[in-house]
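Participant: Sequence:
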Amino acid sequence: MTTDQIILFAIFLVVFVFLIWGRWRYDLVAFTALLSGVVLGVVPSDRAFDGFGHPATMVVALVLVVSAGLVRSGAVQLITRTLIDSSRPLGWHIATMGSVGAVFSGFMNNVAALALLMPVDIQTARKAGRNAGLSLMPLSFATILGGMVTLIGTPPNIIIATFREDRLGESFAMFDFAPVGAVAALAGLVFIGTVGWRLIPQRDGEASAGENLMEKARYVAELTVPGESEVVGRKIRDLHETEEETDAAVIGLVRDGKRRFGRSRNATLRAGDVLVLDATPEALDEFRTALRLGFSDTEREDKLDAAGEGLELLEVVVPEQSRITGKTAQSIGLSWRQQTILMGISRKGRELTSQVRKAVVHPGDILLLLVPAGRENDVTEWLGCLPLAERGLKVTKQDKTWLAIGIFAAAVAVASFGYISVPVALGIVVALFLIMRIVPISEVYEHVEWPVVVLLGSMIPLGTALEEAGGTALVANALTGLTGGFPAWAILAILMAVTMTLSDVLNNTATTIVAAPVAMEIADTLGANPDPFLMAVAVAASCAFLTPIGHKNNTLILGPGGYAFGDYWRMGLPLEGLVIGVSVPMILLVWPL
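First residue of the sequence shown: 10, per this note's numbering; consecutive thereafter.
Read the hints as simulated data drawn from the structure, not as lab findings.
Label-pair distances were calculated between CB atoms; the ranges are:
id : residue 1 : residue 2 : range
1  : S96       : W345      : 44 to 50 Å
2  : R579      : P53       : 45 to 51 Å
3  : E237      : A276      : 17 to 23 Å
4  : V514      : G536      : 31 to 37 Å
5  : V204      : A276      : 50 to 56 Å
6  : D533      : P594      : 19 to 25 Å
7  : T277      : Y454      : 49 to 55 Å
8  : T203      : G536      : 38 to 44 Å
9  : P449      : D256      : 41 to 47 Å
Keep in mind that this is a model prediction, so the values were computed, not measured. Just so you know, even glycine gets a beta-carbon here, dropped at the ideal spot from N, CA and C.
Could you build the full structure based on these sequences and the hints that come with them?
Facilitator: As structure tokens, this is what we get:
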């Protein structure tokens with residue numbers, strides 16, 4: 010290997026390690042890697058930021074704004090209200106929600122599709138009296154599957170299309186992915202709706218019939234002992250009867266800013282102490298009322314100037330790009346900026362070892378917030394979280410529903426027939442949405458997922474450098490050497506399996522950027538048509554079903570669904586195998602070697 014190849018492979022190895030580790034956000038890791046490549050001389054300095062102007066980067070940004078416009082106009086809600094019925098049997102509900110989610114994610118970002126439908130699914134589960142965990146994972150997987158059908162449905166398709174244009178002079182068109190993607194998605198939806206959801210593990214203590222997720226989510230929360238409280242001078246163990254009556258458990262004590270464990274139940278309570286509880290929102294409020302406890306310490310309560318308006322308890326899910334992800338409620342100024350108190354955190358698989366307001370919040374956490382009445386939407390939007398109740402975060406412009414649908418449909422049509430390129434068509438849609446005030450211009454940049462833009466802009470130059478240095482040819486030659494004498498279908502299946510494995514632990518965007526040049530090199534080595542290999546990468550990179558970290562949709566449902574890390578593979582592993590089994594013959598049929 011040459012020096013440049015060694016340096017680039019080392020950079021990619023470090024990137025993969027840090028992405029899997031997850032200690033630092035992926036955009037920071039990617040941008041640091043890009044700058045390292047420039048400093049080490051393997052990425053030309055005059056081309057270091059070419060990725061930020063790349064068509065793939067622009068399309069990903071524009072799709073998110075278009076998605077927001079379709080939601081704001083009421084176009085998506087119109088469809089969901091028409092099709093969703095809580096009285097259906099669970100299998101039919103999963104099939105219906107999955108189909109709606111798959112169709113939505115074909116024409117809008119699949120993360121946005123799940124963010125829109127997740128509250129609907131939870132609310133439907135509540136009305137039907139069943140555990141939302143039975144349907145949230147199928148919905149997440151369905152939105153991932155639906156993104157494979159069109160060019161704009163998921164970032165891997167966009168990257169593959171632009172990569173093909175760079176290498177072969179012509180991009181994949183809007184619906185070139187449909188013959189393979191639609192068949193794979195349909196097969197996956199049938200599996201999810203008939204067999205897959207039955208593989209989701211159900212544990213003792215999870216919500217049963219007549220109970221719903223919101224009622225069963227338990228939080229680590231805090232209540233303050235005011236000076237006039239009757240518990241002053243009593244030991245924590247003396248509160249046992251109230252704990253039993255309200256189903257709230259005192260699990261710790263905070264005194265003088267320090268949390269006490271172990272023998273805290275023998276501690277005598279003083280004014281200003283903070284009780285740490287494990288409770289549902291209802292139990293927490295009952296416990297507080299019974300013992301006349303306060304919502305927060307004195308400093309935070311003084312800042313919560315909402316007594317005259319009334320207070321509301323609000324439950325929200327934390328997505329990866331939330332304002333509070335990786336931070337604490339205290340560090341973002343939640344109390345003084347939004348007059349809101351973080352009451353509790355519900356977190357699967359991790360213990361909370363610090364005060365709630367000082368606890369670092371992770372993606373998938375569910376937060377219990379105390380907010381001034383009437384400000385629930387404002388606080389949720391400011392945090393960038395998703396509500397656990399069916400609640401619109403924006404005022405829907407219902408008078409512009411059909412206008413938004415018409416503009417978007419026209420853009421899809423002209424792009425599909427090749428009159429204008431997809432980035433230009435989406436750019437026109439965004440411009441018209443702004444002119445028609447379907448999306449307020451003041452909000453347009455809020456809808457762009459900037460960390461993904463930075464990830465793409467940083468990884469594309471590194472991928473190009475690796476390809477130009479001959480690194481991808483080395484990987485391709487090694488893979489073809491290992492599969493020497495294998496039939497074409499076997500090579501495609503192995504390529505898909507390797508790509509899926511990477512996508513299960515890495516961001517699917519990064520996986521595609523690395524795997525696309527390898528697919529092209531394999532085709533060149535075999536003297537075959539590169540399209541089947543590129544299509545195999547596009548499908549496989551989208552299918553991350555084994556872990557909650559492989560795709561953002563899987564992370565979003567982790568807390569609300571009450572899942573553990575190891576729950577995903579039970580339905581995800583056979584689903585990935587099914588996708589490979591269906592996709593390989595379809596690829597060879599539609600894109601012959």
